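Asker: Listed below, chain by chain, are the residues.
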Amino acid sequence: MTEFFIRRTLQSVLVLFLITLVTFGLIHAAPGGPFQMMLAPGLSPEAMKVQAHNMGLDQPLPMQYLHWLGNLLQGDLGYTFKNHLPIGQVIWPTVENTFVLMGVAWLLTLIIAIPWGIYNSTKEYSLSDQTASFISYIGFAMPTFWFGIILQQIFSIKLDWLPLADMYTMDKEGQLGDLMMHLILPVSVLTLSFLAAYVKYSRSSMMEVLDKDYIRTARAKGVREGKVIYKHALRNALIPVITIVALDLPLLVAGAALTESVFNWPGMGRLFVQMAVAREYSVLMAITLLTAVIVIVGNLIADLLYAVVDPRVQLGKRGGRSA
Amino acid sequence: MAEKLLEIENLTAGFLTVGGTVKATEHVSLSLDKGQTVCLVGESGSGKSVTSLAIMRLIDFNGGAILEGSIKFQGEDLAKRSQDDMIRIRGNKIAMIFQDPMSSLNPVYTVGDQIAESIVLHQRKSKKEARKMAVDMLRLVGIPAPEIRARQYPHELSGGMCQRVVIAIALACDPVLLIADEPTTALDVTVQAQILDLLRSLQKELGMSILLITHDMGVAAEMADRIAVMYAGIIVEEGSVSEIFSHPSHPYTVGLLKSVPGLEGSRGDELYTIRGNIPGLSQLPVGCRFHPRCPYAKDICREKSPPSFTVGEEHQASCWMYMEDGGAAAWQQNESEQR
Amino acid sequence: MSEANMQTSAIIPPVDVQAVKPLKRPPGPWRTAWSKFRRNPYAMSGLVVLLVFVFCGAFAPWLTKYDPAKIDLMFANLKAGTDGHLLGTDEVGRDIFARLLYSARISLTVGFAVAAGSVIIGTLIGSISGYFGGFIDTCFMRLVDVMNSIPLLFLNILVLAIFGTEFRYMISVLILTSWMSVARLVRGTFLQLREMQYVEAARAIGVSNFGIIFRHLLRNASFPIIVNATLMVGAAILSESALSYLGLGIKAPDTSWGLMLTNAREFMLIDPMQSVYPGVCILLVVLAVNFIGDGIQDSLNPRQKMSERRIDRWRKSFLKSKI
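Residue numbers (this note's numbering), protein chains in the order written: chain A, -17 to 305; chain B, -1 to 337; chain C, 6 to 328.
Please keep in mind that the hints were generated in silico from the structure rather than gathered at the bench. Since this is a predicted model, take the numbers as computed values, not measurements. Keep in mind that a hint or two might mislead.
Heads up, simulated DSSO-like pairs for lysine-lysine below, C-alpha to C-alpha not over 27 Å straight-line [unchecked claim]:
1) A:Lys213 / B:Lys2
2) A:Lys194 / A:Lys182
3) B:Lys302 / A:Lys209
4) B:Lys296 / B:Lys256
5) B:Lys126 / A:Lys209
6) C:Lys41 / A:Lys182
7) B:Lys296 / A:Lys209
8) A:Lys140 / A:Lys154
9) C:Lys41 / C:Lys256
10) A:Lys209 / B:Lys130
11) A:Lys105 / B:Lys21
12) B:Lys2 / B:Lys78
13) B:Lys126 / B:Lys32
14) A:Lys194 / A:Lys105
15) A:Lys209 / A:Lys182
16) B:Lys2 / B:Lys202
17) A:Lys213 / B:Lys126
18) A:Lys140 / C:Lys84
19) A:Lys213 / B:Lys70
20) B:Lys32 / B:Lys70
21) B:Lys21 / B:Lys296
22) B:Lys21 / B:Lys70
23) A:Lys194 / A:Lys213
24) B:Lys125 / A:Lys209
25) B:Lys202 / A:Lys194
26) B:Lys21 / B:Lys202
27) B:Lys202 / B:Lys130
28) C:Lys256 / C:Lys75
29) B:Lys125 / B:Lys70
30) B:Lys202 / B:Lys32
31) A:Lys105 / B:Lys32
32) B:Lys256 / A:Lys209
33) B:Lys78 / B:Lys32
34) B:Lys2 / B:Lys91
35) A:Lys64 / C:Lys256
36) B:Lys91 / A:Lys213
37) A:Lys213 / B:Lys125
38) B:Lys256 / B:Lys91
39) B:Lys21 / A:Lys194
Chain A extracted, bound-state conformation (with noise of 0.2 Å):
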């Protein structure tokens, strides 16, 4: 257990290593160097050389990621460009509410999706089960941002019930019920691009575990039969569920720059399609870590809550699946 657990964390160490290597290796990519608009324009080239200077740019690449990396070890994500503001203080705001988006919509998927997925395999071929692959067909082509526009169109400019955008209204920051106003139809977007590939998952698995030997054994014991699915089908039903929920964190952070800036979330995505487009190549750093970090720590978990699920899993025996 301690054995596995130093392994995962010692290995995790060094994706995030590497994560830091690309990141910073891309940036200093870009053509004239990352930090060349950041100088002040019209500067004459001794000024320059004297900024950048201070900056620490004139300095060989290596050398310029020790100093980055260092201080980020100690916690020090450095500041913005523009308003020289410190970036944790910039970023920690936004992945509060990323989260409280993120949550919501992801404890709702998998709430509707798993009951939904199980109950059609059980009835194969219902209405219910042809909507979800309906739902699943069109969830996989749509475009998730389009689905928030036309939702916004109908509910928040036709019919008025909802707010078009933003996380509260004007001077009612804070207010919880202003808040789940303002949640559902981006949680709705979320839920229902994720739903269908859940359902689908949660359904197939559980229709492989139902033609199972040990299935036909509980029958056989005189087990009544919703009893055969929720205690001896579901366990393990959800153990290859656990994996792809785990392996999709990065698809809903992602998923939620895009919703989060069609409904103007404040949240993480949003900030880095801003920080993007103002190119505060720092904050984008810190954000693209951040995420890495979330991933990770969801494996982790992920593959913890395996073990604790299937007995048959020894945690210092795996090298980790996604190898």
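Given the coordinates of chain A, work out where chains B and C should sit on it, guided by the hints.
Answerer: Chains B and C in isolation, oriented as in the chain A frame:
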């Protein structure tokens, strides 16, 4: 005469598919006395398993159904019972063990829990008592250190151990009938013998009847009081074990017996095989189902399916050979000359 | 497997009975696949829709007399059908129908270019990794880990923000973020086949590594690669539209469905239909491509008779509604 425990009459079971119903067994009649062991022998695809699933009414879960006939068990017709009634019978009065022990156990529960579940379901016992009884059951089926094993998961046990656990689950509620569907096929030869021994001694101890399904004539010889041979969904021959082995009467049974590799034969001897394959259920031949593979097929075999003829004491065979005595005698003589 | 199951599967093949009929020349695998594909209504309608879009994209200048980039404020926001503007004009007087046609060009180019590029890179990396194994394999698989730990949309945005939003950069970055699935697939097949007898035999008679990879191993991986590539076309089209929508993809005077949605969104109140057309186009193309991919998968995989099963399903539900 002994008391009849199970009486299957005219059982036709099949599957509902898009193309219509497909009958996997047709007009199967079979009976089982108390304390007796009957073997259902045949190749895979001959409908043995379907028959056993029909008795348990588990066939309903495989998209199948009982189309005709009755299954009288202790006087009541299981074919007419609802699934709600069946869950009280399954695992309690009738228990079943399956072919592949490794996959027959749920990987996410300990073996002790899986045995205890059956006890809790059918007996008024608390979970704690049931766990204790589960350990006793493990001891009964000959598992060493049962207290430790009860807390282990199936993947931690060997195949033979798993089959013992499966047997323990089946016997946990003291069934009067045990249906064993190829219980030794997936196991090593030495383990096979152990499991068969175990089944025999437990039968003696608990006094249950066994319906043993196998494709292995050797297993049947070792275990059975009576044997029923199935081919393509119908029972082609039925009789006591001594009758079947001393006077095999259906050409298919003869073929089966000849194709068992014996230890006495010399190495150069070619193994006997019945030519051809068992037909698919959707392409059953007209007439006797065995005629395309039968070395003695006559014109009538290609046209009409044979009824069952009595060929000895409590010994029936469905073959046109026995329509008039002359034919039978001629054929059997021919057989003995070949030997 | 239980005998009962085997028997159900034994019931299905009237098809096999027909196959026994003597043929003049046994059809090759591709021909069989095509004849199977042709009988799949979903795949065929997908193919027709895709061909229509390809046609529209290829012959856009002949299908409309308007220039999609021509701004004419005199004719802004015309209703559909006025003055030969089939779907009207947008807020700066550009013909919407013309823009849709020219957008098809961009989207399909992106889709196919990205799929082709990813297949090439993915196959290369996957086969090297799977064939040689060891250290090379570990390195590549860590790289895959890193790529999968960053939300790919973020990575796309990051690269485009750094390098600029030119068309070629967009295609390259989309390729760089989508080769992983192909690589994994090829590697998996290779690992499976590497130890097979015939590969050993080829090695023993002195076939070069290169020859083994191309002649023996890749052929086995080609079917799943094709299916994967088809589905990748749809994914790339969706990514392109998302990036363009966020202002990091196609820029005016070029046009793309995603970009059209950005514009349309600003004028939601005036003309809601403007945001419907491009979204429907994206949905249709991606749906078509996905159906084709599904169809190919069904027709190439002899073990799964998905299309037949789907037809069965429809037939069954039809029966159900009758009874």
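Asker: Against the 27 Å threshold, does the CA-CA distance of Lys105 of chain A and Lys32 of chain B hold or violate the hint?
Answerer: 40 Å, violated
Asker: Does Lys21 of chain B sit within 27 Å of Lys105 of chain A, going by the straight-line distance between their CA atoms?
Answerer: 24 Å, holds
Asker: Under the criterion that the straight-line Cα-Cα distance not exceed 27 Å, is the pair Lys21 of chain B, Lys194 of chain A satisfied?
Answerer: 23 Å, holds
Asker: Would you mind confirming whether the straight-line C-alpha gap from Lys256 of chain B to Lys209 of chain A stays at or under 27 Å?
Answerer: Outside the cut-off at roughly 47 Å; violated.
Asker: Compare the distance between the alpha carbons of Lys213 of chain A and Lys2 of chain B with 27 Å, and conclude whether the hinted pair is satisfied.
Answerer: 37 Å, violated
Asker: Quick one, are Lys213 of chain A and Lys125 of chain B close enough, alpha carbons at most 27 Å?
Answerer: 16 Å, holds
Asker: Would the pair Lys64 of chain A and Lys256 of chain C pass a check requiring their Cα atoms to be no farther apart than 27 Å?
Answerer: OK: Lys64 of chain A and Lys256 of chain C at ~25 Å, within 27 Å.
Asker: If you draw a straight line from the CA of Lys126 of chain B to the CA of Lys209 of chain A, is it 27 Å or shorter?
Answerer: Within the cut-off at roughly 20 Å; holds.
Asker: Just to be careful, I want the Cα atoms of Lys21 of chain B and Lys296 of chain B compared with a cutoff of 27 Å; is the pair within it?
Answerer: Holds, because 26 Å separates the two Cα atoms, which is no more than 27 Å.
Asker: Next pair to validate is Lys202 of chain B with Lys130 of chain B; report whether the Cα-Cα distance is within 27 Å.
Answerer: With Cα atoms ~24 Å apart, Lys202 of chain B and Lys130 of chain B stay inside 27 Å; holds.
Asker: If you draw a straight line from the CA of Lys194 of chain A to the CA of Lys105 of chain A, is it 27 Å or shorter?
Answerer: Given that 27 Å is the threshold and the Cα spacing comes to 17 Å, the pair holds.
Asker: Under the criterion that the straight-line Cα-Cα distance not exceed 27 Å, is the pair Lys194 of chain A, Lys213 of chain A satisfied?
Answerer: 14 Å, holds
This entry does not satisfy hints 1, 3, 7, 9, 13, 19, 25, 26, 29, 31, 32 and 38, going by the numbered hints stated previously.
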